[in-house]
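J.: Sequence:
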Amino acid sequence: MLTRLRESHFLAKLRHFGSKLKPSSIKTLALLFAVGFSLSLTVSACNPTQQTNTTTAPTSTATSVASSKSQESNVIRIGYQKYGTLSILKSRGTLEKRLASQSTSVQWLQFPAGPQLLEALNAGTIDFGHTGEAPPIFAQAAGAPLVYVANEPPNPKGEAILVPKDSSIQDVAGLKGKKVVFNKGSNVQYLVVEALKAAGLKYSDIQPIYLPPADARAVFEQGSAEAWAIWDPFFTVAKRATEARVLKDGEGLVANREFYLAAKPFNEQYPDRIKAILEELQKVDEWAAAQPTEVAKLLSPELGIDVPTLEEISRRRPYGVQPITDEVVTYQQKVADTFLDLKLLPKSVKISEVAQLTKQ
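Numbering (the working numbering), first residue to last: 5 to 364.
It cannot be assumed that every hint is accurate.
Dumping the calculated DSS-like pairs for lysine-lysine here, alpha-carbon to alpha-carbon at most 25 Å [what the hints assert, rightly or not]:
#, residue 1, residue 2
1, Lys161, Lys201
2, Lys182, Lys206
3, Lys161, Lys188
4, Lys338, Lys351
5, Lys182, Lys201
6, Lys201, Lys188
7, Lys351, Lys201
8, Lys243, Lys183
9, Lys338, Lys206
10, Lys206, Lys180
11, Lys188, Lys101
Ranges between beta-carbon positions, derived for each pair [claimed, not checked]:
#, residue 1, residue 2, range
12, Pro305, Ala177, 34 to 44 Å
13, Lys347, Ala294, 40 to 50 Å
14, Lys347, Lys182, 15 to 25 Å
None of these hints come from the bench; they were simulated from the model.
All figures in this text were calculated on a predicted structure; none of them were measured in a lab.
We put the beta carbon where it would ideally sit given N, CA and C, even for glycine.
Working from the sequences, and respecting the hints, build out all of it.
T.: Have a look at this one:
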């Protein structure tokens, strides 16, 4: 059933854009689907790519049982995305070394983006993970048992709205009436909202197209969307490969923080494990900040991204695990309220209810 739903969803997208694409473009998207669909059997919210200690992800109907079993076991299930400090921590293997003396192992599960990662947390498939600002807001509204436990420093230049190098669009105001493609419920959706607001436009002034990064890039490169809002490493990779022009990055508009989140039952039962993860993340951050070239060399084989591109990303990215503060909660609440006002969030949420504030 899940397979048929994925297939019909993509074909609907293809039919939607088909009238505007060249025949060769349609063939390209169809080929992308054929490859992407086969990969989706291992990379998805409920059955992500499992890097070590492979097990079958539990279904939502078995969430409580699976969660209970995880809490009783000596396995920490960590969800991570293609790039970030968790990716570096995984590649360095230092967390496993620290936990070995406690007979505790780590299971790494990769996700294409934050929304899918938090769907897995909600389903009890992972215990700990990281996303940008927007995904945990939507997950909280959906009832996911999450807790904000820490964050990385703001990284506004780590995401941007791109246009083709020869585009006639010179500023955000030029997006009025245009198609803008991005991942729904992600950080870049908030970037789009704030960029439009600063340019005197409304969200309804554009035609949003909701697609994950790989599909979004295909649509953008084929000319079926005039702009693409995307985050690193996809942002820098696409910019260098296509010579796309940065219309507007997040500087002066958004914080673009990376948050570390834990499943509430796991956080309550294993504060020592949360502490160990955060301490190892901080050590890796300190190493990465001083070694951008080494970071690039370390991640390049796994990510399939060339060293110069990864080095550019690493040099630009701020590092450091920071505690959740009142200021961070206030900012997150502003993001949540913005999505609610736009009727993009189904109901109001209180960030303070799921934030683990640092005791002063």
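J.: If a hint holds in the structure, say so; if it does not, say that too.
T.: To see whether the hints hold, each was checked on the structure:
1. Distance restraint check for Lys161 and Lys201: the Cα-Cα separation of roughly 18 Å lies within the 25 Å cut-off, and the hinted pair is therefore satisfied.
2. About 12 Å separates the Cα atoms of Lys182 and Lys206, which keeps this hinted pair within 25 Å; it holds.
3. For the given pair, Lys161 sits about 20 Å from Lys188 by alpha-carbon distance, which is consistent with the 25 Å threshold.
4. With a CA separation close to 14 Å, the supplied pair Lys338 and Lys351 stays within the 25 Å bound.
5. Pair hint Lys182 plus Lys201 holds up; C-alpha atoms about 15 Å apart against a cutoff of 25 Å.
6. Between Lys201 and Lys188 the alpha-carbon distance is near 18 Å, which keeps this suggested pair within the 25 Å criterion.
7. At roughly 22 Å between alpha-carbon atoms, Lys351 and Lys201 fall within 25 Å of each other, so this suggested pair holds.
8. Proposed proximity of Lys243 and Lys183 is supported: the alpha carbons are some 19 Å apart, at most 25 Å.
9. The straight-line distance between the Cα atoms of Lys338 and Lys206 is roughly 17 Å, inside the 25 Å bound, and the hint therefore holds.
10. In summary, the hint linking Lys206 to Lys180 is supported, as the alpha carbons are separated by about 9 Å, within the 25 Å threshold.
11. The hinted pair formed by Lys188 and Lys101 fails the criterion: a straight-line CA distance of about 37 Å is larger than 25 Å.
12. Take Pro305 and Ala177: their Cβ atoms lie about 42 Å apart, and the range 34 to 44 Å holds.
13. Look at Lys347 against Ala294: about 45 Å separates their beta carbons, and that is inside 40 to 50 Å.
14. For the pair Lys347 and Lys182, the supplied restraint of 15 to 25 Å holds, since their beta-carbon distance comes to about 21 Å.
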